[in-house]
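A.B. asks: Spelled out, the chains give:
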Amino acid sequence: MSNTFESQLSASARRIRKQSESNLSVPETIVIPHKHTRYWGWIATPAAAAVGLLIGLFIHRPAEPSNNYTVPVVVAADNSGHSIVDDGADYSLLISL
Amino acid sequence: MIALFVNYKSLSDGQLMERVRRKDDEHAFAEIYRRYARLLQGFFFRRLGGDEEQSSDHMQDTFLKVWSSRWNYSDGQPFRTWIFTIAYNLCKNTYRQNQHEQEYLDSLPTDEPIAEDSTPLKLDAATFDSALQQELARLNEAQQMLFELRFTQELTVPEIAAIIDIPEGTVKSRLNTLTNYLRLKLKDYE
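Protein chains in written order, with the numbering used here: chain P, 1 to 97; chain C, 98 to 287.
Hints in this document: simulated from the structure, not taken from any laboratory.
Glycine is no exception: its CB is placed at the ideal position from the N, C-alpha and C atoms.
Honestly, I wouldn't trust all of these hints.
Derived DEER-like restraints, expressed as beta-carbon distance ranges [said to hold, decoys possible]:
1) C:Lys269 to P:Gly41: 43 to 53 Å
2) C:Ala222 to P:Ile43: 28 to 38 Å
3) C:Gly266 to P:Phe5: 13 to 23 Å
4) C:Glu238 to P:Thr29: 26 to 36 Å
5) P:Gln19 to C:Thr267: 25 to 35 Å
6) P:Arg15 to C:Thr274: 36 to 46 Å
7) P:His60 to C:Asp262: 57 to 67 Å
8) P:Ala47 to C:Gly266: 49 to 59 Å
9) P:Gly56 to C:Gly147: 50 to 60 Å
10) C:Gln174 to P:Asn23: 28 to 38 Å
Next comes chain P alone, as it looks inside the complex (with noise of 0.2 Å):
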């Protein structure tokens, strides 16, 4: 700077620059964060992806063939909702429905 007191302004910013600077307490290092972000996402998008199709796959997955028999039972019953065959059994709610 050619002009005097600018120098003399930039010499004194200087130094009021170093002395406010030189107390700070400046962190080392900074933690940069979600690095991978860039790369990953190709990947863990995808994966998670077909880990969900196969968990889908899984939980609805064809019922296999049973062992067990079903037996289809008629019920007869009067409005009242009783058996008319006397097997102890309510049969109000089904009527009903």
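We have chain P already, so just place chain C on it with the hints.
C.D. replies: Showing chain C alone in chain P's frame:
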């Protein structure tokens, strides 16, 4: 591994940033941090009323922004201007958000004469620094920022124009006004 073959200290800011951008080079980023951390924390410290914790947070925010915006940095772009643009915008946002600037100015003692004595003061660096700091505290935010960028950070007029995003002519004109004002106020210390 990369650090074994590259002498990061010998690289320019632009070369380091290029490595950060192209290769996500953490060592290059660490070197940039080493060069600019204290400088930027000092910048925020002075611009945000001497709040060390806030200045540290802002400095780290600036670097996080540098990292997250690394793909926006173009080769050959002056790095100092780029990083100071980020820092300047952070400062501006802070002023807007909490009106820190106004609170800071309100907290300062007003109407304090610098030199009531008409006797010219003996030129002394410490006295001049003290008087200058008092005068700077009386300036508005834009003038303080201009002083910081020009005299404290010793940036050039084109660099300042790029950071503040105003024409170079306007920067020159504002600098002239500012310098003349300070010359008038500090004439006893020249």
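A.B. asks: Each hint: holds or not?
C.D. replies: To see whether the hints hold, each was checked on the structure:
1. C:Lys269 to P:Gly41: 43 to 53 Å: holds (47 Å)
2. C:Ala222 to P:Ile43: 28 to 38 Å: violated (60 Å)
3. C:Gly266 to P:Phe5: 13 to 23 Å: Holds: the Cβ-Cβ distance is about 22 Å, inside 13 to 23 Å.
4. C:Glu238 to P:Thr29: 26 to 36 Å: holds (32 Å)
5. P:Gln19 to C:Thr267: 25 to 35 Å: holds (31 Å)
6. P:Arg15 to C:Thr274: 36 to 46 Å: The hinted range 36 to 46 Å is violated for Arg15 of chain P and Thr274 of chain C, with Cβ atoms some 24 Å apart.
7. P:His60 to C:Asp262: 57 to 67 Å: holds (58 Å)
8. P:Ala47 to C:Gly266: 49 to 59 Å: At roughly 57 Å between Cβ atoms, Gly266 of chain C and Ala47 of chain P fall inside 49 to 59 Å, so the hint holds.
9. P:Gly56 to C:Gly147: 50 to 60 Å: holds (59 Å)
10. C:Gln174 to P:Asn23: 28 to 38 Å: 32 Å Cβ-Cβ, so the 28 to 38 Å window holds.
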